[in-house]
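**Student:** Residue strings, one per chain:
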Amino acid sequence: MNIVQNPTNTEAVKEIKSSNNNAQDGIYTLVTSYGESYQTFCDMMTDGGGWTLVASVHENFMAGKCTVGDRWSSQQGNLGGGGVDYPDGDGNWANYATFGLPDGATSDDYKTPLNLWRNSSLQRFRTNNSILNQQGGNLFSLYKLFPVTYNVGRCPKDNGPTVPVVYDLGSPARTASFYSPDVTDQFTPGYIQFRSINNERAPLALCPGMKIEKCNAEHFCVGGGGFFPEADPKQCGDFAAYDFNGYGTKRGNSAGKEITEAAVLLFYR
Amino acid sequence: MNIVQNPTNTEAVKEIKSSNNNAQDGIYTLVTSYGESYQTFCDMMTDGGGWTLVASVHENFMAGKCTVGDRWSSQQGNLGGGGVDYPDGDGNWANYATFGLPDGATSDDYKTPLNLWRNSSLQRFRTNNSILNQQGGNLFSLYKLFPVTYNVGRCPKDNGPTVPVVYDLGSPARTASFYSPDVTDQFTPGYIQFRSINNERAPLALCPGMKIEKCNAEHFCVGGGGFFPEADPKQCGDFAAYDFNGYGTKRGNSAGKEITEAAVLLFYR
Amino acid sequence: MNIVQNPTNTEAVKEIKSSNNNAQDGIYTLVTSYGESYQTFCDMMTDGGGWTLVASVHENFMAGKCTVGDRWSSQQGNLGGGGVDYPDGDGNWANYATFGLPDGATSDDYKTPLNLWRNSSLQRFRTNNSILNQQGGNLFSLYKLFPVTYNVGRCPKDNGPTVPVVYDLGSPARTASFYSPDVTDQFTPGYIQFRSINNERAPLALCPGMKIEKCNAEHFCVGGGGFFPEADPKQCGDFAAYDFNGYGTKRGNSAGKEITEAAVLLFYR
Numbered sequence: 000m001n002i003v004q005n006p007t008n009t010e011a012v013k014e015i016k017s018s019n020n021n022a023q024d025g026i027y028t029l030v031t032s033y034g035e036s037y038q039t040f041c042d043m044m045t046d047g048g049g050w051t052l053v054a055s056v057h058e059n060f061m062a063g064k065c066t067v068g069d070r071w072s073s074q075q076g077n078l079g080g081g082g083v084d085y086p087d088g089d090g091n092w093a094n095y096a097t098f099g100l101p102d103g104a105t106s107d108d109y110k111t112p113l114n115l116w117r118n119s120s121l122q123r124f125r126t127n128n129s130i131l132n133q134q135g136g137n138l139f140s141l142y143k144l145f146p147v148t149y150n151v152g153r154c155p156k157d158n159g160p161t162v163p164v165v166y167d168l169g170s171p172a173r174t175a176s177f178y179s180p181d182v183t184d185q186f187t188p189g190y191i192q193f194r195s196i197n198n199e200r201a202p203l204a205l206c207p208g209m210k211i212e213k214c215n216a217e218h219f220c221v222g223g224g225g226f227f228p229e230a231d232p233k234q235c236g237d238f239a240a241y242d243f244n245g246y247g248t249k250r251g252n253s254a255g256k257e258i259t260e261a262a263v264l265l266f267y268r
Numbered sequence: 000m001n002i003v004q005n006p007t008n009t010e011a012v013k014e015i016k017s018s019n020n021n022a023q024d025g026i027y028t029l030v031t032s033y034g035e036s037y038q039t040f041c042d043m044m045t046d047g048g049g050w051t052l053v054a055s056v057h058e059n060f061m062a063g064k065c066t067v068g069d070r071w072s073s074q075q076g077n078l079g080g081g082g083v084d085y086p087d088g089d090g091n092w093a094n095y096a097t098f099g100l101p102d103g104a105t106s107d108d109y110k111t112p113l114n115l116w117r118n119s120s121l122q123r124f125r126t127n128n129s130i131l132n133q134q135g136g137n138l139f140s141l142y143k144l145f146p147v148t149y150n151v152g153r154c155p156k157d158n159g160p161t162v163p164v165v166y167d168l169g170s171p172a173r174t175a176s177f178y179s180p181d182v183t184d185q186f187t188p189g190y191i192q193f194r195s196i197n198n199e200r201a202p203l204a205l206c207p208g209m210k211i212e213k214c215n216a217e218h219f220c221v222g223g224g225g226f227f228p229e230a231d232p233k234q235c236g237d238f239a240a241y242d243f244n245g246y247g248t249k250r251g252n253s254a255g256k257e258i259t260e261a262a263v264l265l266f267y268r
Numbered sequence: 000m001n002i003v004q005n006p007t008n009t010e011a012v013k014e015i016k017s018s019n020n021n022a023q024d025g026i027y028t029l030v031t032s033y034g035e036s037y038q039t040f041c042d043m044m045t046d047g048g049g050w051t052l053v054a055s056v057h058e059n060f061m062a063g064k065c066t067v068g069d070r071w072s073s074q075q076g077n078l079g080g081g082g083v084d085y086p087d088g089d090g091n092w093a094n095y096a097t098f099g100l101p102d103g104a105t106s107d108d109y110k111t112p113l114n115l116w117r118n119s120s121l122q123r124f125r126t127n128n129s130i131l132n133q134q135g136g137n138l139f140s141l142y143k144l145f146p147v148t149y150n151v152g153r154c155p156k157d158n159g160p161t162v163p164v165v166y167d168l169g170s171p172a173r174t175a176s177f178y179s180p181d182v183t184d185q186f187t188p189g190y191i192q193f194r195s196i197n198n199e200r201a202p203l204a205l206c207p208g209m210k211i212e213k214c215n216a217e218h219f220c221v222g223g224g225g226f227f228p229e230a231d232p233k234q235c236g237d238f239a240a241y242d243f244n245g246y247g248t249k250r251g252n253s254a255g256k257e258i259t260e261a262a263v264l265l266f267y268r
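Chains as they are written, first to last, in numbering that gives the first Met the number 0: chain A, 0 to 268; chain B, 0 to 268; chain C, 0 to 268.
In short, the hints are calculated from the structure, not lab data.
Hints are not guaranteed to be accurate.
Pairs of lysine-lysine residues, derived as BS3-like cross-links and limited to a Cα-Cα distance of at most 25 Å, are as follows [claimed, not checked]:
1. B/Lys210 to B/Lys156
2. C/Lys213 to C/Lys233
3. C/Lys210 to C/Lys249
4. B/Lys143 to B/Lys210
5. C/Lys256 to B/Lys143
6. A/Lys210 to A/Lys249
7. A/Lys143 to B/Lys156
8. C/Lys143 to A/Lys256
9. B/Lys213 to B/Lys233
Kindly produce the complete structure, drawing on both the sequences and the hints.
**Tutor:** See below:
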């Protein structure tokens, strides 16, 4: 066991790696400034290491439209009522516990043994600017600035920031290859986009590997609020409308099977 | 990290404080007599300190009537069938794991960083008699004596015990101020009441800050069983019928917005 | 606290016992080969001790047919659609996290204080051959070979393996006594059966104490996939159709009340 006590945990994980260049990928026990310890996976290899897993988003059941397990959107159904019923969904993108204490976010979300993570990943990319520093320091503060809330703004003018990524595995072309040609037409790969609002004013939390060009983010971005007006309830879920024209078909607006069944793992350092 | 091993954990937390008068509020790791360790927040300041957080009750989604997240009443809907279908609800008021092992109860329920707890609280009060000692020693034993079960008795004769409180923040008048005048008329502030049965024989687990005078406990008490007959399903949920005449309106039978959005944190010592 | 670090945790628990013959039943902290620590209950008494609790299956709400809490079958309802909608259910019988990291499986599932486990058990039995070694080494690998998936095969030819058990408490006759005579007629007690497919091609994960003789496993086996065709949705749930002819009646196809309200605890060594 590796136990680390430090007010800033991602700093601590960087320090583990810099003080011990042989530190390996694995589960590390971190301690928050309030004294709470938690375990999470750290990537000690990519670009010098020092990365802490802070969230894992995957679709537990594609056909379940905002049902049990859709913690990154809503577990209460697609709730309209003029959009006032459940605009934030389960609210986990702006929940202190989620990103402040990562164990809540990740503990039951691992889909594969973590030692297989690197070799089973479809693509791996990272930012190399200080995007989060500019937005308050972490995803919690970013999503306070850009709430994942229904009807909070319009696309494209109120979308959140985008940032280019560096690929450790894959390429912009490979990112695009996981989606249907009709969908690929809607984004530019090689970026991350935060809080993308769709044509119907439903927010998507994160576009993993692209920035949007047209406002149909529900076909390639993940996470969201509690109401997706279009084709109610067909777009509501952690992977939104990845299955809009059938599960894994990679035709029309549907994503391919590989990306539909993937988990999006988010790391800080 | 503070690790404490002691058969009686609340005793242990008192001992931490008495042996180290500088012990601060924070997360402490406690170890049960069976050797299970768990982390929970301890209040080391109030009245000499030594308080352990054992449960946190809040309404995750007021409009969701006994849906996902309503762990202190029912997550299965408002289930009648002559009251026999789900009289105990999810049963967490009488679940050993809930109060016996506090981490189950609190781990994903923090709404704010715990360092903000004291300054963001609306009111703080405590008993100064030995109410729980008289009822078997803890909430688990108290609720064995007074089950949170539909149709287990009548109001007022079968209600559970009440106990006066001492305010560390607020006052009886302030407690009353969070509710509508129509509701204030139903209780006497300055108390805690356990297991209050309403007119329709639905039990409410806890009235935080008052004892009931009239039997409409669903408008100011929290937690309950799995069936609330009146206005089915409108009163079913962790904060029962706080929104009976609209969310946060503080009119008719509705509570005000502040108390509707608060969490009720329960500490032992 | 007992902290154990070892690549093979069940090996480690055996080693605790063999190095310290006085090791008692209780919660032990184990560390996986990836460095993740978790706590679980160990039985240090039965047949020389060294047993690790890896899962606990019980029916949280018998009348809830694949609703919240039915993690060992489906929490999404009984989902047909030609059987293609949700054939694996929640998939926890083949989830690495469930058996690979036991805490996920057991942490909120204890029904009684664990010190009462031994004396409150209805029956206790164990295998004394190397059934799991023959099937890949653990339940995760066994259920990879015999998926708990709707329509994956037919009864009896595609059922999983059976293995005789040794009773530490009870007997084959006592096992049979918990079920209705109509049900007893369907199995031979004194065995464990893995992945039993019923007449309608719904898989049951585990038959605790018996091997099937007729293909109505839904009345005595537990756990399953996400679709039970017969009497839709009446057979869907962690304890399937234990209540087919009424709750706890022990008449017709219904099990008795004691076994309906029991938890099935699974230990490795």
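**Student:** Indicate, hint by hint, whether the structure satisfies it.
**Tutor:** Structure-based check of each hint:
1. A hinted pair counts as satisfied when its Cα atoms are at most 25 Å apart, and B/Lys210 with B/Lys156 qualifies at roughly 13 Å.
2. Taken as a hint, the C/Lys213 and C/Lys233 pair is honoured in the structure, with Cα atoms around 20 Å apart against an allowance of 25 Å.
3. Restraint check: the Cα-Cα separation between C/Lys210 and C/Lys249 comes to about 19 Å, which is no more than 25 Å; the hinted pair holds.
4. A threshold of 25 Å between alpha carbons decides the hint, and for B/Lys143 with B/Lys210 the separation of about 20 Å falls inside it, so the pair holds.
5. Only pairs whose Cα atoms come within 25 Å are accepted, and C/Lys256 paired with B/Lys143 is accepted, the gap being roughly 21 Å.
6. Restraint check: the Cα-Cα separation between A/Lys210 and A/Lys249 comes to about 19 Å, which is no more than 25 Å; the hinted pair holds.
7. A distance of roughly 49 Å separates the Cα atoms of A/Lys143 and B/Lys156; the hinted pair therefore is violated under the 25 Å criterion.
8. Under the criterion of a C-alpha separation no larger than 25 Å, the hint pairing C/Lys143 with A/Lys256 is consistent with the structure, at around 21 Å.
9. With a C-alpha separation of about 20 Å, the suggested pairing of B/Lys213 with B/Lys233 holds against the 25 Å cut-off.
Violated hint: 7 only; the structure is consistent with all others.
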